[in-house]
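From first to last, the protein sequence lines are chains Z and B. Every letter in the first sequence is one number past the one before it in the numbering used here, and letter 355, counting from 1, is 355. Every letter in the second sequence is one number past the one before it in the numbering used here, and letter 164, counting from 1, is 527.
Fair warning: there could be bad hints in the mix.
Simulated crosslink set (DSBU-like; lysine-lysine; CA at most 30 Å straight-line) [unchecked claim]: (1) K581(B) with K457(B); (2) K114(Z) with K593(B); (3) K477(B) with K95(Z).
Reference excerpt, derived from the structure (chain B facing chain Z, CB under 7 Å, subset only) [claimed, not checked]: (4) L391; (5) P392; (6) Y394; (7) S400; (8) M402; (9) E403; (10) G439; (11) A446; (12) N585; (13) I594; (14) G599; (15) T601.
It is worth saying that the hints were derived from the structure and are not from the lab. Here the structure is a predicted model, which means the values were calculated and not measured. Don't be surprised by glycine CBs; every beta carbon is placed ideally from N, CA and C.
There are 2 protein chains.
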Amino acid sequence: MSNDRAYNFSAGPSMLPLDVIERVAADLPNYKGCGESVMEMSHRSKEFTKIIEDAEADLRTLLSIPDNYKVMFLQGGATLQFAMIPMNLMTGSKKADYIVSGSWAKKAAKEAAKFGDVKIVASSEEDTFTYIPKPDKSEFRPDADYVHITFNNTIYGTHYNDYLPDTGDVPIVADMSSCILSEEVDVTKFGLIYAGAQKNVGPAGVTIVIAREDLLGKAPENIPTYMDYKIHADNGSTYNTPPCFAIYVAGEVFKSILAGGGIKPLHEADVRKAQKLYDYIDSSQLYTCPVAKEDRSLMNVVFVTGDTDLDKKFVAAAKEENMHNLNGHRSIGGMRASIYNAMPEEGVDTLIEFMKKFEAENK
Amino acid sequence: MSNDRAYNFSAGPSMLPLDVIERVAADLPNYKGCGESVMEMSHRSKEFTKIIEDAEADLRTLLSIPDNYKVMFLQGGATLQFAMIPMNLMTGSKKADYIVSGSWAKKAAKEAAKFGDVKIVASSEEDTFTYIPKPDKSEFRPDADYVHITFNNTIYGTHYNDYLPDTGDVPIVADMSSCILSEEVDVTKFGLIYAGAQKNVGPAGVTIVIAREDLLGKAPENIPTYMDYKIHADNGSTYNTPPCFAIYVAGEVFKSILAGGGIKPLHEADVRKAQKLYDYIDSSQLYTCPVAKEDRSLMNVVFVTGDTDLDKKFVAAAKEENMHNLNGHRSIGGMRASIYNAMPEEGVDTLIEFMKKFEAENK
Numbered sequence: 001m002s003n004d005r006a007y008n009f010s011a012g013p014s015m016l017p018l019d020v021i022e023r024v025a026a027d028l029p030n031y032k033g034c035g036e037s038v039m040e041m042s043h044r045s046k047e048f049t050k051i052i053e054d055a056e057a058d059l060r061t062l063l064s065i066p067d068n069y070k071v072m073f074l075q076g077g078a079t080l081q082f083a084m085i086p087m088n089l090m091t092g093s094k095k096a097d098y099i100v101s102g103s104w105a106k107k108a109a110k111e112a113a114k115f116g117d118v119k120i121v122a123s124s125e126e127d128t129f130t131y132i133p134k135p136d137k138s139e140f141r142p143d144a145d146y147v148h149i150t151f152n153n154t155i156y157g158t159h160y161n162d163y164l165p166d167t168g169d170v171p172i173v174a175d176m177s178s179c180i181l182s183e184e185v186d187v188t189k190f191g192l193i194y195a196g197a198q199k200n201v202g203p204a205g206v207t208i209v210i211a212r213e214d215l216l217g218k219a220p221e222n223i224p225t226y227m228d229y230k231i232h233a234d235n236g237s238t239y240n241t242p243p244c245f246a247i248y249v250a251g252e253v254f255k256s257i258l259a260g261g262g263i264k265p266l267h268e269a270d271v272r273k274a275q276k277l278y279d280y281i282d283s284s285q286l287y288t289c290p291v292a293k294e295d296r297s298l299m300n301v302v303f304v305t306g307d308t309d310l311d312k313k314f315v316a317a318a319k320e321e322n323m324h325n326l327n328g329h330r331s332i333g334g335m336r337a338s339i340y341n342a343m344p345e346e347g348v349d350t351l352i353e354f355m356k357k358f359e360a361e362n363k
Numbered sequence: 364m365s366n367d368r369a370y371n372f373s374a375g376p377s378m379l380p381l382d383v384i385e386r387v388a389a390d391l392p393n394y395k396g397c398g399e400s401v402m403e404m405s406h407r408s409k410e411f412t413k414i415i416e417d418a419e420a421d422l423r424t425l426l427s428i429p430d431n432y433k434v435m436f437l438q439g440g441a442t443l444q445f446a447m448i449p450m451n452l453m454t455g456s457k458k459a460d461y462i463v464s465g466s467w468a469k470k471a472a473k474e475a476a477k478f479g480d481v482k483i484v485a486s487s488e489e490d491t492f493t494y495i496p497k498p499d500k501s502e503f504r505p506d507a508d509y510v511h512i513t514f515n516n517t518i519y520g521t522h523y524n525d526y527l528p529d530t531g532d533v534p535i536v537a538d539m540s541s542c543i544l545s546e547e548v549d550v551t552k553f554g555l556i557y558a559g560a561q562k563n564v565g566p567a568g569v570t571i572v573i574a575r576e577d578l579l580g581k582a583p584e585n586i587p588t589y590m591d592y593k594i595h596a597d598n599g600s601t602y603n604t605p606p607c608f609a610i611y612v613a614g615e616v617f618k619s620i621l622a623g624g625g626i627k628p629l630h631e632a633d634v635r636k637a638q639k640l641y642d643y644i645d646s647s648q649l650y651t652c653p654v655a656k657e658d659r660s661l662m663n664v665v666f667v668t669g670d671t672d673l674d675k676k677f678v679a680a681a682k683e684e685n686m687h688n689l690n691g692h693r694s695i696g697g698m699r700a701s702i703y704n705a706m707p708e709e710g711v712d713t714l715i716e717f718m719k720k721f722e723a724e725n726k
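Chain Z on its own, in the form it takes in the complex:
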């Protein structure tokens, strides 16, 4: 790899496409000859207006976002969304249903309970979140303002694959932080999609929100101005100074994906990368993946040796071989290979070769 860059398996922030980084570096002191860096550019300048408008247009193209959905580039990460969502949407019956498929889903539900009546419709916590709970339609409250799901569970390596809950007319709100842009999704099946950028989109510091227009404008007037989606939506994400540089890099990532043919070929590569890694783990005598096969994530591949000390040895030895951040989340330990869009296939091949060698040496 050029510049002696590592294979960075971090769960996020994580790798970005090298072509994007190199383009950003080249344009850093003087963006397209305009005399300024994007870091220094007024958010009301014509140059930045083009950057943010192009970023939105390209994201709309990539995800086929219909016109009745608003796109916003916000700050505060998923953590702020956990509160913004109920503040804006839990305004009818003041009820919301949550499926708890991991730690982040649980945090989202806990936060929402500050603002209304939250029902945990299903949880896989008793099984350490090793699968996606799949409640029947009858378990959802028909008068709920929304149903919240975490589409990909970064810590536990699960993902909503062929299942999406049937919630009737109740809009689904989905946290897609760790899988957005890795697959084609039918946006119309969701009322609101949100995603922190720092996995597949760009640097940390910008959060994408895609919201069906009719759900907006119902927030009480006494919520913090910054937390009112409608204000951001009506002002093209420039009501206040947005995180301009992070939006710019995200836009460059969108351009790079479009130039490569869109999400389809990227998804095919993601499937190929994940499949070969899961296949090897399943065939191995040393490693096991605790996740139910039908719910496995393409983005976060979790595995263990069954021996905590050996897991630590694995992570340290991999680091020596230029493969970074293979440790599992601090809450569960073990290993996790986050193989987002920007992880080259050769990174996964290199990891598998290393795993084989480590297995041979530690039988």
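Got chain Z sorted already, so can you dock chain B onto it with the hints?
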């Protein structure tokens, strides 16, 4: 100037030191040989931990921040602070006093009124905010939870120079977005200082909060988790993923200022730059500065010709000469030269030469 960079007089985001931009660009694909860009780095990695700890330590050195003050790097800009401040601090008598010295001060007061009893102690709005109102101690409520001031008014070009309100034991909360690091301040005179980065600190997307420790931890439990200062303070600004890249660039700016001898020489240069510009304006037959002399800002120099069309001609002609963003804020028109720390003195000299030429041609 190298790379044909412009003199960018934008009110923010605005110029950054060129040495910082060049260092950031050089380290972009592979930060100090660690194999990753800072944009891709786990916020829990040892590399990023050093970056954020160094940034905090350097900021503490620059501003002589005492140990009983917490430093936080947050998201959401001043706009989110307008709500976070009352949510966290307006928790005793639920009263807060605001001095309204400009549009941002007014917005801050309006936002705070959502959360408690706000008194506008003084306002200069009737005079288009051309001076800093200076209320007597007797006008403040002794049982208020805090008094809020906007230390530098970006739009109107005013600044608290020799006056700081006597509020007795009531802590002063100050928005220093557009003047932080341009002058030495006695932090102990304030309960809380906040500043969006995009003027003197770094790229938009990070907001500095410096808060006296005893004021924290009093927020009600039902406020959004992201809005609780104590959670950020107790977790070194990494409770959730922080805006890593913006913090890194801010840290590089701090290092650059320290390398230049700290704030004192920078302030002396700021005084020199502003003084020569005000002196010329005051001596000119064409331009006038509407701001009371004792309240003039070193950072934002506001001036007009008295003829709206001529103002527009000025801004357009300056742009042709590679001097960008000299237009006043869209709410008041006229001209504004924002001459933050990173504006070289030759940028101000070039502007004055241009103003003289324009005056000669438009008598």
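Structure-based check of each hint:
1. For a cut-off of 30 Å, the pair hint linking K581(B) to K457(B) stands: about 12 Å separates their Cα positions.
2. For the suggested pair K114(Z) and K593(B), the alpha carbons sit about 18 Å apart, so the restraint of at most 30 Å is met.
3. Between the alpha carbons of K477(B) and K95(Z) the distance comes to roughly 24 Å, so the proposed pair stays at or under 30 Å and holds.
4. Given hint, L391(B) at the interface with chain Z, holds; its Cβ is 4 Å from that chain's nearest Cβ, closer than 7 Å.
5. The interface hint given for P392(B) is met, as the beta carbon of that residue sits about 5 Å from the closest beta carbon of chain Z, less than 7 Å.
6. For Y394(B), the interface hint is violated, the least distance from its beta-carbon to any beta-carbon of chain Z being 10 Å, above 7 Å.
7. At its closest, the beta carbon of S400(B) sits 5 Å from a beta carbon of chain Z; the interface hint therefore holds under the 7 Å criterion.
8. For the restraint placing M402(B) at the interface with chain Z, the shortest Cβ-Cβ distance is roughly 4 Å, inside the 7 Å limit, so the hint holds.
9. Look at E403(B): its Cβ gets to within about 5 Å of chain Z, closer than 7 Å, so that hint holds up.
10. A hinted interface residue such as G439(B) counts as satisfied when its beta carbon comes closer than 7 Å to some beta carbon of chain Z; here the least separation is about 5 Å, so the hint holds.
11. Hint status for A446(B): holds, given a least beta-carbon distance of 3 Å to chain Z, under 7 Å.
12. Taking 7 Å as the C-beta contact cut-off toward chain Z, the hint placing N585(B) at the interface holds, the least distance being around 5 Å.
13. The interface hint given for I594(B) is broken, as the beta carbon of that residue sits about 9 Å from the closest beta carbon of chain Z, more than 7 Å.
14. A hinted interface residue such as G599(B) counts as satisfied when its beta carbon comes closer than 7 Å to some beta carbon of chain Z; here the least separation is about 15 Å, so the hint is violated.
15. Using the Cβ-Cβ criterion of 7 Å, the hint placing T601(B) at the interface with chain Z is not satisfied: the shortest such distance is roughly 11 Å.
This entry does not satisfy hints 6, 13, 14 and 15, going by the numbered hints stated previously.
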